[in-house]
Amino acid sequence: MSTLLGLLTSTICWGIVIYTGDSSSYYYLLGMPISPTIGIIGSALYLCIPSLFHAGPAAENASILSYVVSGFYLLVCCALPMLLTTTIVTVGVSSFFLGAFFQYIGRALIDARGNKIVGRK
Amino acid sequence: MISVNGKTHMIVSGLACAAVSVDRFPSVEIGGINVYPVAGIIPAIMVASWADIDLSNSNAALTHKIAAKIFTHRGMTHTLVFPLAIAYLLVMLMVAPNTVPVQLLASIVYGALIGYLGHIWADNLNQKGTPTFWPVCRERIHVMSIATGTVQETLFLITFCSLSFLQIVLTLGGRGL
Numbered sequence: 850m851s852t853l854l855g856l857l858t859s860t861i862c863w864g865i866v867i868y869t870g871d872s873s874s875y876y877y878l879l880g881m882p883i884s885p886t887i888g889i890i891g892s893a894l895y896l897c898i899p900s901l902f903h904a905g906p907a908a909e910n911a912s913i914l915s916y917v918v919s920g921f922y923l924l925v926c927c928a929l930p931m932l933l934t935t936t937i938v939t940v941g942v943s944s945f946f947l948g949a950f951f952q953y954i955g956r957a958l959i960d961a962r963g964n965k966i967v968g969r970k
Numbered sequence: 090m091i092s093v094n095g096k097t098h099m100i101v102s103g104l105a106c107a108a109v110s111v112d113r114f115p116s117v118e119i120g121g122i123n124v125y126p127v128a129g130i131i132p133a134i135m136v137a138s139w140a141d142i143d144l145s146n147s148n149a150a151l152t153h154k155i156a157a158k159i160f161t162h163r164g165m166t167h168t169l170v171f172p173l174a175i176a177y178l179l180v181m182l183m184v185a186p187n188t189v190p191v192q193l194l195a196s197i198v199y200g201a202l203i204g205y206l207g208h209i210w211a212d213n214l215n216q217k218g219t220p221t222f223w224p225v226c227r228e229r230i231h232v233m234s235i236a237t238g239t240v241q242e243t244l245f246l247i248t249f250c251s252l253s254f255l256q257i258v259l260t261l262g263g264r265g266l
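If you read the sequences in order, they're chains A and B. Here the first sequence is numbered in this note's numbering, starting from 850 and rising by one per residue. Here the second sequence is numbered in this note's numbering, starting from 90 and rising by one per residue.
Simulated from the structure, these hints should not be mistaken for lab results. Note that the coordinates shown come from a computational prediction; the quantities given were computed from them, not determined experimentally. It is possible that some hints are incorrect.
Which bits of chain A does chain B cover? Going by a derived footprint, with three or more residues having C-beta under 8 Å, they are [as the list claims (entries may be wrong)]:
| # | segment |
| --- | --- |
| 1 | 903 to 911 |
| 2 | 922 to 935 |
| 3 | 939 to 946 |
For glycine and all other residues, C-beta sits at the position ideal for the given N, C-alpha and C.
Work out the full structure, taking the sequences as your base and the hints as a guide.
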């Protein structure tokens, strides 16, 4: 269920990014160049391989605040490369973590309610 | 295996500082002081393992055995408290005149800050995570679940090194978008 909602939110978010952007290779989100291709790969990896790509609290029964903080941290990871000169590397890393954040929005809604940790071994 | 290898931390922090150095070459002005990030690469590498002073078998803990007994691993030393303290040192230097010794000291502190933040970021890629935002949020958070001491860590290191070198080369070549 949480994976399904993650898929839904990432699809909607990337749909909005692509729909509102122009036809160039990069789309600008709040002034940041974003590569939807790498971003969608990021979303897909986080959705398909939760044992390796998983963001969120590291323990069960985590508080709602920890889910919010984890989402914020993903955004920090997305914004940090933008402090450097914009290259394909910074755009790629930012897009990857933005993809992770898009799927995280939906998945965290379910996980936070049931305190279910998907990537936990 | 829950502890990220010390060498991995040194490489990650050192390369992060090197990327910043190339990007902001030769200096970046912070609060009226010229900071030379290139002078911070060695401090960044050295400080990268400081956070693991709470781990009894780490290099840092071998010379400071009491610290390993006081702190639990990935506890307070893995929060933003210590980087904020280092940043405070940097702010304190801003009131000093812009002389060469102050610039050098600020560069070392700047490198140490990147090194420490690099350590916390790398640990957040591990399944155990860190309580980064303590005391605001006490729970450990992570953004990936890379298992350390396995092929996953090696692959991450290869990817990180490749991307860092590519970023440095592209910045040196002035090939932005």
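Verification of the hints:
no. : hint       : result
1   : 903 to 911 : holds (count 7)
2   : 922 to 935 : holds (count 6)
3   : 939 to 946 : holds (count 5)
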